[in-house]
Amino acid sequence: MDMSTPTLVTFIVYLIGMLVIGLIAYRLTDNLSDYVLGGRRLGGGVAALSAGASDMSGWLLLGLPGALYAAGMNQIWIAVGLSIGAYLNWQFVARRLRVYTEVAQDSITVPDYLENRFHDRSKLLRVISALVILLFFTFYTSAGMVGGAILFEQSFGLDYTVALWVGAAVIISYTFLGGFLAVCWTDFFQGLLMFLALVITPIAVISADGGWAQAVSNVGAIDPTRLDVFHEMTVLGIISLMAWGLGYFGQPHIIVRFMAVKSSGEIPKARLVGMTWMVLSLYGAIFTGFAGIAYFADQPLENPETVFITLTQVLFNPWVAGVLLAAILSAIMSTIDSQLLVSSSALVEDFYKPFLRKQASQQELVWVGRIAVAVIALIAILIAYNPQSRVLDLVAYAWGGFGAAFGPVIILSLFWRRMTRNGALVGIILGAITVVIWKQLSGGIFDVYEIVPGFILCTLAIVVVSLLDKEPGRETQVDFDTVEMTLK
Amino acid sequence: MEHTLSFATWFWLTVPMVSVVILSIITYFTESKE
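Top line first, the protein sequences correspond to chains E and B. Here the first sequence stands for residues 1 to 488, numbered as in this note's numbering. Here the second sequence stands for residues 1 to 34, numbered as in this note's numbering.
A couple of the hints might just be wrong.
Unchecked claim - Facing chain B, a subset of chain E residues (Cβ under 8 Å, in silico):
1) Y87
2) D228
3) I456
To be verified - Going by beta-carbon spacing under 7 Å, a handful of chain B positions derived as facing chain E:
4) E2
5) H3
6) A8
7) T9
8) W12
9) E31
In case anyone wonders, no lab produced these hints; they're calculated from the structure. A virtual CB, placed ideally from N, CA and C, is assigned to each residue, including glycine.
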């Protein structure tokens, strides 16, 4: 399949649009808080869609429809778990984190928050958490670039290296220039595009199948097991898939959106917009893959993950198809840019400023942030040059690793006054190590997704170590009480 | 033979995901009042 002229034109218009947003955001960025957190002036709707778009990578338009197409309804469990996890994150973490990060010396990154929350003067908590973020997000970014470039190589015959450089150049440009505001506003439009694609495509394919009842009947005639949500599922299997939702509490690129909302009063609106977007998008992906089974009954696809791409090509005119395909690019780009910016902010706020240049001006910090974006992206591109590179396997640890290492720490730090710095440190380390070790084991209980034991052990470690530790200092408790008072 | 989705499939496909949207609507109104 080659890239047709309408598709190419649509892509170019889309990429130029992203660059324009980067330029506008550049003019609105004056200091480091603007660059890494948008100066905490994000509206609820933009925060919600940018959190959703940066959360959902190409998996939403490729992986999930592909899984439904290949196996049927028993693949919905991750979507169910993710919806519940995202809702709980918005409901219980978002507002408190927004308030607490402001009380804790106006913290602008997750490591910054952890250090200020526990008044940790050793900087140990900041350094360890920033290192974990930097390491995993560099590889995560790289894997995103590999995924995008392979997709365009396979779908449109574009050279892998060309696709890699073009995609990366656009992402680097707008992130470099406009920082957080550019990332959030591009994510917002990318989120809208993804939503549009995931509403239109399933409606078109179900209509082409002859309606919903007919589509279900046709899928059942091909293979009735694809209608069964429990087909070949064990209890442990369902728990593992739903446990993906636990990951939300510890994803730095998602929870940083909560910190950036202009006021905690915006959270209910953001939650409603974010959850509606997410659930409808997940339904769109599920129904696209499911109805695709009936649509391609006579000529099954070789690669199930191309079900969305192939449907857009055969069902729509090339201009509409171009827009819908830009949605896939959106899904990939909106995740990469957010991870790139979180990594850059870890370098500037958690290493450069505290260790190298305490007196650095805001202007200098913004420029160091920009240079960090370019350097991290270049490292990611170099790694991505070899798609078979073993280091990219590290990505498999990222969602579970962040979820298990940071999730319980974030939750307990917001709700438990007695939690101590040592509890947080041991929790982060134990959560991360559990994920890494558990992943090497298999069979029986070890088939459970590693986030489950990691999350449980991290929580236990925090509770036990904190209780054995001496009580948190007075200033830490005063901060906690201030947050409680503000939220009442 | 006409095939349909079982009750269990319909239940898990709709109830949890629709519930979180309904809860978001309810909390939007209750928390906005506060």
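Outcome of the hint check:
Taken as an interface hint, E/Y87 checks out: its beta carbon lies about 4 Å from the nearest beta carbon of chain B, inside 8 Å. For the restraint placing E/D228 at the interface with chain B, the shortest Cβ-Cβ distance is roughly 6 Å, inside the 8 Å limit, so the hint holds. Annotation: interface hint on E/I456 violated; nearest CB of chain B at approximately 22 Å, more than 8 Å. Taking 7 Å as the C-beta cut-off, the interface hint given for B/E2 holds, the closest approach to chain E being about 5 Å.
Contact between B/H3 and chain E, as hinted, is supported at the beta carbon level, the nearest pair being about 2 Å apart and thus within 7 Å. About 6 Å separates the beta-carbon of B/A8 from the nearest beta-carbon of chain E, less than 7 Å, and the hint is met. Nearest Cβ of chain E to the Cβ of B/T9: about 4 Å, under the 7 Å cut. The hint holds. At a threshold of 7 Å, the smallest CB-CB gap from B/W12 to chain E is about 5 Å, leaving the interface hint in force.
With a cut of 7 Å, the hint placing B/E31 at the interface with chain E holds, because the nearest CB-to-CB distance is about 4 Å.
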